[in-house]
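Peer 1: Residues per chain are reported as follows:
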Amino acid sequence: MTQLKHASNPMLTKLINPFRFIAGFRALAAGVLVILVTAVLAYFSNTHFPDILSVKISGDLPFWFLVSQGAGNWFIVSVVLYLTAVIASPSSVRLVDIFGTQALARFPYLPAAGIGFFGSVEKFGQYVLWENLGMGDGPVAMAGWEMGFAILLMMLTILLSIWLVALMYNAFKISANLKGAKSGGLFILGFIVSIVLTRLFSNYLLAGLV
Amino acid sequence: MDKKLPITCPSCQSELNVQSLACESCDTTINGSYDLPLLLKLTQEEQEFILDFVRFSGSLKKMAKKLNLSYPTVRNMLDDLIDTIETRQQSDADETD
Ligand SMILES: [Zn+2]
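Residue numbers (the working numbering), protein chains in the order written: chain A, 33 to 242; chain B, 409 to 505.
Calculated directly from the structure, the hints in this document are not laboratory data. One should not assume that every hint holds.
Computed spacing ranges between beta-carbons, pair by pair [claimed, not checked]: (1) Ala62(A) / Pro418(B): 43 to 49 Å; (2) Lys470(B) / Phe95(A): 37 to 43 Å; (3) Ala103(A) / Glu503(B): 54 to 60 Å.
Glycine included, every Cβ here is placed at the ideal spot set by N, Cα and C.
The whole structure should be built from the sequences, with the hints applied where relevant.
Peer 2: This is the structure in structure tokens:
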């Protein structure tokens, strides 16, 4: 009953747990839009998401591939968490709440897809590979500020990943009415299973490209 | 002033009973020992939730809309409340046994 009125920090609550206020079909509509826009951005910034958590710079990938990957990441984790919720929850869980909130929870990867536009991270990766391991096409010239910028962008990506996981967890907790150690343990389990499954799905999609 | 009915003892945390009731128009006082009704043993928030629930004819959807909360949030509150009531009834039954 602590849920109704706790004005500790409403702004933070909205950022970390918007699902107190939005779930069901509204979250689903907004979330599907988020996934589509993310795929469009990823297409132009050469970013892709080979599982529910990873952000990778890629070569040119077709738009259908990025849409399928984004949809797959969302769909697979939603199915896994829905099954978990139905088995473990004392409440009657609605399918639309799980799918809707998990779709909206992917919001942080919309800006993450934009990070690929800067190219600094990719260049920094090539720089580190050549300098430390002698791998790549040759020395990469990189100014100090550019390296700093690349590191900043990488830290930003990590923050966005943490935000994503926090949103996914809160989405699961509210949709499934689970609390405490039980919700934490089940979420971690579902998350790991989903990483493996989405990884397999992306590999399957990639195999279709060649 | 908005006074809150105390339901637990401030010194030992046990549940309080009603010991006297007073009529304000004729100054009669009744003494005895009465259990508080279950509804009054709930927190202020829980009581408000029940009133809202009745006001919205038991529709969680309407309630969520009016309170600007998501449907599962309101459903979870109801399920938690059912849980609280059941535990309370159980412990009250155990006491009278
Ligand atoms: Zn009287």
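Peer 1: For each hint, tell me whether it holds in the structure or not.
Peer 2: Hint check results:
1. Ala62(A) / Pro418(B): 43 to 49 Å: 47 Å Cβ-Cβ, so the 43 to 49 Å window holds.
2. Lys470(B) / Phe95(A): 37 to 43 Å: holds, 42 Å
3. Ala103(A) / Glu503(B): 54 to 60 Å: Holds: the Cβ-Cβ distance is about 56 Å, inside 54 to 60 Å.
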